[in-house]
Amino acid sequence: MNIEQVLFGAFAFLTLLSAGLVIFARSPISSAMALVSTFFFLAGIYVLLWAHTVAALQVLVYAGAIMVLFLFVIMLLNLGDELPGSRLTFSRILGGGAAAGLFAVLALAIARVPGRVADLGTQQESFGTLKAIGASIFTTWLLPFEAVSLLLLVAMVGAVVVAKSRI
Amino acid sequence: MVPISYYLFLAAALFCMGMFGVLVRRNALVVFMCVELMLNAANLTFLAFARMRGDSIGHVSAVFVIAVAAAEAAVGLAIVIAVFRSRGSVNIEDIKTMKH
Amino acid sequence: MKRVLTILFAIGFIVFLLAGGVLTAYAVGALAEEKLFVGASRLTNVIFLMLIFVMIIATMLTLAERKWSALMQDRIGPNRARIALPGLKNLSLAGLPFVAADSLKMLTKEDFVPQTANRFLFNLSPLLAFAPVFALFAIVPAGPSVTLWGQRVDMVVGTPDFGLLYLFAIASLAVYGTALAGWSSNNKFALLGGVRATSQMISYEVALGLSLVGVMLAFGSVQLPAIVGTLAAETGGAAAGQARYLWQWAGGAAGEGFDFGLPAWGIILQPLGFIGFFAAAFAETKRAPFDVPEGESEIIGYFVEYSGMKFGLFMISEFVEVVVLSGVTAALFFGGYHLPFGGEWLATQLKDSPLVYATLLGTFFWVKVLLLCFLQLLIRWTFPRFRYDQIQTLGWKMLLPVGLANVFISGALVLWDPSLRALALFGLLQIGVLMALSLSRKESAEPEHGPGHGHGALGHGHEPHGLPGGAHGHALPAHGHAAASLGGNTPAGAHAGAHPASTH
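Protein chains in written order, with the numbering used here: chain U, 1 to 167; chain L, 168 to 267; chain B, 268 to 771.
Isolated chain U, as found in the complex (with noise of 0.2 Å):
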């Protein structure tokens, strides 16, 4: 039992944690906080996985500018907690049904995943830097890189067309 292993499973455990009380906190901030900290712990996995710039990136974008227009727009309009519904409708059986369906068949396809890691030899310095991932988005994966900027810019003007009540 090395300290990656301990970690990766409280990260783990509390991501799981936390993914469950997203899902099932009755007002919406619980369920936005929630989530906050399960990007907080998914980044200490993907720091264990070598990807400290995707971990940065993580707590930039994702808790940084994303859950604060979520909380924003939770203030904004006020919401409240949602009304304790029935426990066991259809739907929530199906849907329960699907996922753990859906989890089955993963499981079978993960299970067959080959177990060796590439050693990263030369690169064990370069490997997951905010450089070397500089470099291959803007040689290798230029275009798709420009895409994406010209969807956030579609992003942009389309959420500001669709929340103005009049232009």
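I should point out that these hints are in silico values taken from the structure, not numbers from a laboratory. Certain hints may be false.
[To be verified] Covered stretches of chain B (chain U as the covering partner; in silico rule of three or more C-beta atoms under 8 Å from a C-beta of chain U):
| id | segment |
| --- | --- |
| 1 | 422-429 |
| 2 | 439-448 |
| 3 | 467-480 |
[Stated by the list, open to error] Think about it this way: if two alpha-carbon atoms lie no more than 20 Å apart in a straight line, the pair counts; the simulated EDC-like pairs of lysine to aspartate or glutamate are:
| id | chain 1 | residue 1 | chain 2 | residue 2 |
| --- | --- | --- | --- | --- |
| 4 | U | Lys-131 | L | Glu-239 |
| 5 | U | Lys-164 | L | Glu-239 |
| 6 | U | Lys-164 | B | Asp-428 |
| 7 | U | Lys-131 | B | Asp-428 |
Note that the structure is a prediction, hence the values are computed from the model and not measured. Here a beta-carbon is modelled for each residue, glycine too, at the ideal position from N, C-alpha and C.
Based on the hints, put chains L and B in the right spot on chain U.
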């Protein structure tokens, strides 16, 4: 060293939880949050495979997923605000004008 | 005369204290490296830089704000708290007992929680507001890296390879404390304050990130130690970052006489970036003139239900933010711990006594930080508050387009001339234009300013029934003052930065 398949199991579990939330919850905002959960599960899978293969393509994909999630949240929240303005509710069961 | 002497003595005493602190930090860091393990100096840096320097300066700022505002308004300021000991009874001690009295009051006040509040989030949000701003200082280098008693000591807590992204990521988290404080109090006014704070922080985060892109382009790095740079005399190679000269007029490469020239500081390369960053970061501190989330005169703010030490945490986090913002600004735009000139000469002279050298430069960094803190308090006590729509207009219609234009122009100039001289010339031109605008007289244009006359060029206009007199167009809060105080000349407060409007 934690086997890569553990990370994949975690991602699968997260994705299924997110899907369950999308299917079950009635509050449109919470449904969006569950979609974010599913996107994060996809990200985790990308990063796990990137570590397994030892190249940075997975990291680049994760960055793109994060950008797309930002766009999705912006448009989605704008729609929620527009719907709330016209119906006074964000419950997706109340939004059934298109339903016959 | 007596007052001038007192002030000079106080300044000297503060600098002496800073030097003592820096000296201790370096010595303890080197000892920890030697006695404990490699990298132990980073841990002692956490204690010294973040807990001692930042916290003590922030605590003292609570007093300094009152003293300095009194100075600006020609008052005496707090002087009534005394210590009831023989010999100290009749001394006001520059108001220092007020700090003790304030903290005692906050610690002993009733810790009130509204009955309908969400208790968990209500207790959590002061911590959420305090922790991120506190953690921000971790990447700021507060002194040179020296070899002391055979051990390498860096005066910085962490150097992640994504550098400034850490700054953006952590800075964007501070809003949770504010928003949740407003929501969990279950109070309409507090909720209003929380919503205002959230929208303000979202708006200014974009401008904050965009304004620093120019700096990253100019120095070719996102890491603060690389942006601050190293001297030729320290590394043996060429000087890098903000330690090098754009034009050197005297002295050789390393230690051949006193070197003098125009340093490649961020403020010279990126004046627009500095103004954008300073204004956006000022808005993130939520202090006047950007204080609508608090809005003392209208809604009291997101912390209206808080009392005792929980309120104290909100208050102190604002001051911590002021200190951290000054530190980041000093490192990014004012050469970090480097002297403007003579750095190479000093490094050569003190080659054999690294402790003295490190102490001198470290103290210089903290002096810069204190001066920037003073600048922020000056802005806070000089400018009238923004209206809510003016804040949004400034963020989206002024800082964002200016930041975008700055990125494009800086990128083109860096590509065209990698020695950065073209960028520096352009920056000097900007500074010159800003100074000319700030220093030019307004009298000739004054009669045109009838009611309803819009300051269209600056993005927002006078309201027909707006403030009369000295409230002309404060579209750029840091603008006029930042540029003007660089020249050592502060024009009559309210007229700064408003001049472009008078051209139409």
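Against the structure, the hints:
Look at the segment 422-429 of chain B against chain U: 3 of its residues bring a Cβ nearer than 8 Å to a Cβ of that chain, three or more, so the hint holds. Restraint check on the segment 439-448 of chain B versus chain U: 6 residues with Cβ-Cβ distances below 8 Å, three needed, restraint holds. Counting residues of the segment 467-480 of chain B whose beta-carbon sits less than 8 Å from any beta-carbon of chain U gives 3, enough to reach three: the coverage restraint holds. Taking the CA atoms of U:Lys-131 and L:Glu-239, the gap is about 27 Å. The hint is violated against a cut of 20 Å.
Pair hint U:Lys-164 plus L:Glu-239 holds up; C-alpha atoms about 17 Å apart against a cutoff of 20 Å. Note on U:Lys-164 and B:Asp-428: the hinted pairing is violated, with a Cα-Cα distance of about 40 Å set against a maximum of 20 Å. Annotation: proposed proximity of U:Lys-131 to B:Asp-428 holds, straight-line Cα distance about 8 Å (limit 20 Å).
In terms of the numbered hints stated before, the structure departs from hints 4 and 6, listed from lowest to highest.
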